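Undergrad: Sequence:
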Amino acid sequence: MTRYLLLLKRLIKKKSYIFMLLVVPLMVMMLNAMSSADAGLMTIGVCIPGTDESSKFLRNDLEENPGSLQFVFFDTADEVTKAVESQQVVEGWIVPKDLDATVASMAKSSRTKDKIQIIIREPGLTHMLGKEVICSRIYPRIARDMAIDYVGNKVYGDNPSDADIKHIKDVYDNYGINGNLFEMGYVDEDANPSQEEVNYLMMPLRGILALWLLLCAIAASMYYLEDEKNGLFIWWKVKLPLIRDFLYYAVIIAIPSIMVLIGLRYGGVFTNIKRELVALLLYDFAIVFFANILRLLIGSIKGLGIITPILIMASAIFSPVFIDFKEGRSLQKICPTFHYLYCIHDKYYVQSLLIYSIILLATWYLFNTLTRRIK
Numbered sequence: 001m002t003r004y005l006l007l008l009k010r011l012i013k014k015k016s017y018i019f020m021l022l023v024v025p026l027m028v029m030m031l032n033a034m035s036s037a038d039a040g041l042m043t044i045g046v047c048i049p050g051t052d053e054s055s056k057f058l059r060n061d062l063e064e065n066p067g068s069l070q071f072v073f074f075d076t077a078d079e080v081t082k083a084v085e086s087q088q089v090v091e092g093w094i095v096p097k098d099l100d101a102t103v104a105s106m107a108k109s110s111r112t113k114d115k116i117q118i119i120i121r122e123p124g125l126t127h128m129l130g131k132e133v134i135c136s137r138i139y140p141r142i143a144r145d146m147a148i149d150y151v152g153n154k155v156y157g158d159n160p161s162d163a164d165i166k167h168i169k170d171v172y173d174n175y176g177i178n179g180n181l182f183e184m185g186y187v188d189e190d191a192n193p194s195q196e197e198v199n200y201l202m203m204p205l206r207g208i209l210a211l212w213l214l215l216c217a218i219a220a221s222m223y224y225l226e227d228e229k230n231g232l233f234i235w236w237k238v239k240l241p242l243i244r245d246f247l248y249y250a251v252i253i254a255i256p257s258i259m260v261l262i263g264l265r266y267g268g269v270f271t272n273i274k275r276e277l278v279a280l281l282l283y284d285f286a287i288v289f290f291a292n293i294l295r296l297l298i299g300s301i302k303g304l305g306i307i308t309p310i311l312i313m314a315s316a317i318f319s320p321v322f323i324d325f326k327e328g329r330s331l332q333k334i335c336p337t338f339h340y341l342y343c344i345h346d347k348y349y350v351q352s353l354l355i356y357s358i359i360l361l362a363t364w365y366l367f368n369t370l371t372r373r374i375k
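Residue numbers for the sequence shown follow my numbering, beginning at 1 and rising by one.
Because the hints were derived from the structure by calculation, they are not lab data.
A quick note: this is a predicted structure, and the numbers were derived from the prediction, not measured.
A portion of the hints provided could be inaccurate.
Unchecked claim - Derived pair list, reagent style EDC-like, types lysine to aspartate or glutamate, alpha-carbon separation capped at 20 Å:
{"no.": "1", "residue 1": "K169", "residue 2": "D145"}
{"no.": "2", "residue 1": "K13", "residue 2": "D227"}
{"no.": "3", "residue 1": "K131", "residue 2": "E63"}
{"no.": "4", "residue 1": "K229", "residue 2": "D245"}
{"no.": "5", "residue 1": "K113", "residue 2": "D145"}
{"no.": "6", "residue 1": "K56", "residue 2": "D173"}
{"no.": "7", "residue 1": "K302", "residue 2": "D227"}
The whole structure should be built from the sequences, with the hints applied where relevant.
TA: Right under this line is the structure:
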């Protein structure tokens, strides 16, 4: 036990290890600062020149319910275009002067001559979201006109009076859904987080921290190879070298694991202490076994340095860090990060992470035995 405490003491004196630990609080602080900024997901320039009912409705809706977006209003279309060109805004929306006529035309024939213009500098995922947002804001007016036309045709013989139209509008406008229509829940109800909404910028935080912890485990392999080269293990004889190697890695990733829990709590994506500890403990086992297998297969610090960026990028793609790809599940299940990120909200993947760790342990034992026999 004394040797492991001395190992930890030696690590604390390493500048590279301290720098590696400081990455988490700095990253979480930066993400928190960005998520609390006023700019939101993106800033959109909007020009609504009309004074008709639909134009007023759209302007009020954007002002009162911006969501994760920020809207900047301009008086003319040229101002919006210049704002996009100068990167003052990410994209621009230019609404027709008579939005009522555009809405009515869409409601009757599903097409219109005067269209809402969306101006961008280059394509991207955020612009796809912007298009969906503007469609969702305009659609209520189109649905309203479609309802008026339908009821006017079916109930009033396609000849409703002004009073009839007013009555239809009043009924439509007064009809609402009380309370929230949607409530998010996970498959595993015990793992549901608090009801507080997580900021969109903080959502990839768990995946980023998981990749960082994997990086720490690979760094532990580099430390191990360095100590092996310096002859540390010649004087560190034990009956079960596999346990010694495991504890060597465990000492190195113990503090980073604590930093991950603190980062999750501070970042607002923490679920409950029981699931977090079980998931992180199993993940630590998995990445320690995984890193040991890499060390035995590659056998050099230079080789690990070359393969590490590839492994991190592959894990970021195959694991649901930013986007969850449903294709290639067999490849995804090779990555320890995949099992960890899924097991937070699904106890099935807690079991899969356990089985995955056992398979890695058996593989490590096999490689370790073969390596010692060859030597």
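Undergrad: If a hint holds in the structure, say so; if it doesn't, say that too.
TA: Hint check results:
Straight-line distance between C-alpha atoms of K169 and D145 comes to about 9 Å, which keeps the hinted pair within the 20 Å bound. Only pairs whose Cα atoms come within 20 Å are accepted, and K13 paired with D227 is accepted, the gap being roughly 15 Å. With a CA separation close to 17 Å, the supplied pair K131 and E63 stays within the 20 Å bound. Of the supplied pair hints, the one linking K229 and D245 holds, its CA atoms being roughly 15 Å apart against a limit of 20 Å.
Between the alpha carbons of K113 and D145 the distance comes to roughly 17 Å, so the proposed pair stays at or under 20 Å and holds. Note on K56 and D173: the hinted pairing holds, with a Cα-Cα distance of about 15 Å set against a maximum of 20 Å. Taking the CA atoms of K302 and D227, the gap is about 15 Å. The hint holds against a cut of 20 Å.
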